[in-house]
Amino acid sequence: DIVMTQSPLSLPVTPGEPASISCRSSQSLLHSNGNNYLDWYLQKPGQSPQLLIYLGSTRASGVPDRFSGSGSGSDFTLKISRVEAEDVGVYYCMQALQSPITFGQGTRLDIK
Amino acid sequence: EEELLESGGGLVQPGGSLRLSCAASGFRFSNYWMSWVRQAPGKGLEWVANIKEDGSEKYYVDSVKGRFTISRDNIKNSLWLQMSSVRAGDTAVYYCARYRIPGNYFDCWGQGTLVTVSS
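Chains as they are written, first to last, in my numbering: chain H, -11 to 100; chain G, 79 to 197.
A portion of the hints provided could be inaccurate.
Here are the computed lysine-lysine pairs in the DSS-like style, where the Cα-Cα straight-line distance is at most 30 Å [stated by the list, open to error]:
| # | chain 1 | residue 1 | chain 2 | residue 2 |
| --- | --- | --- | --- | --- |
| 1 | G | Lys143 | G | Lys130 |
| 2 | H | Lys100 | H | Lys32 |
| 3 | H | Lys100 | H | Lys67 |
| 4 | G | Lys154 | G | Lys136 |
| 5 | G | Lys121 | G | Lys136 |
| 6 | G | Lys121 | G | Lys143 |
| 7 | G | Lys130 | G | Lys154 |
| 8 | G | Lys121 | H | Lys32 |
| 9 | G | Lys154 | H | Lys100 |
| 10 | G | Lys121 | H | Lys67 |
| 11 | G | Lys121 | H | Lys100 |
| 12 | H | Lys67 | H | Lys32 |
No wet-lab data here; the hints were simulated from the structure.
So here's chain H without its partners, still in its complex pose (with noise of 0.2 Å):
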């Protein structure tokens, strides 16, 4: 199975500063035909996880541009430009390439 490793594991952010959390995974998830099958999910407080980047890059639909996402192969990292109050629960990475989908540990931000 890919291990997926998570860093920090806690992130308190101020305000309208920015955040970044790095994912590594244990094997390359670059398919061959260019695609790194890796995701972010942001799991709010009392909700369900919503998907905030897929394919290591592509801001899902409605997704502040305040998220981007980069890196290729086994390091991945999600980056908040500017961190808002909104923003605050655990992200998660998960890599798609091979069964089983396998999950990082997740990430809590909160605010300062």
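Given chain H, put chain G in place with the hints provided.
Chain G only, in chain H's frame:
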């Protein structure tokens, strides 16, 4: 509006069975792969199972193989997870999710249903 609504959770004894349901609305259910993802209390997300649009392909995480069965009815716009021989480790909120292929991502989630395995 696209919506997934789970039901069927509850308290079940170890070794018992439970059937979870997911009702889909607001989109053409038969055009999409569907999945179950679970989350143990205070823990992270764990993918459980996928099923192809026509039900011809099914995939499971190793920990539930032989115990859980995913199925669907495209006429009823419904997805199910039959859980058998449940264990304490199966205690979790179970989410129904739409799985988009190509792209391989979950773009629509239900609100979840809690399954508690305890004597």
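Evaluation of the provided hints:
For the given pair, G/Lys143 sits about 17 Å from G/Lys130 by alpha-carbon distance, which is consistent with the 30 Å threshold. With a C-alpha separation of about 17 Å, the suggested pair H/Lys100 and H/Lys32 falls inside the 30 Å cut-off, and the hint holds. Restraint check for H/Lys100 and H/Lys67: the C-alpha separation of about 18 Å stays at or below 30 Å, so the hint holds. The hinted pair formed by G/Lys154 and G/Lys136 meets the criterion: a straight-line CA distance of about 19 Å does not exceed 30 Å.
With a C-alpha separation of about 25 Å, the suggested pair G/Lys121 and G/Lys136 falls inside the 30 Å cut-off, and the hint holds. The suggested pairing of G/Lys121 with G/Lys143 holds, with an alpha-carbon distance near 21 Å, which does not exceed 30 Å. For the hint linking G/Lys130 to G/Lys154, the alpha-carbon distance of about 16 Å falls within 30 Å, and the restraint holds. Among the hinted pairs, G/Lys121 with H/Lys32 is consistent with the structure: their alpha-carbon atoms are about 14 Å apart, no more than 30 Å.
Among the hinted pairs, G/Lys154 with H/Lys100 is inconsistent with the structure: their alpha-carbon atoms are about 47 Å apart, more than 30 Å. About 23 Å separates the Cα atoms of G/Lys121 and H/Lys67, which keeps this hinted pair within 30 Å; it holds. At roughly 23 Å between alpha-carbon atoms, G/Lys121 and H/Lys100 fall within 30 Å of each other, so this suggested pair holds. At roughly 17 Å between alpha-carbon atoms, H/Lys67 and H/Lys32 fall within 30 Å of each other, so this suggested pair holds.
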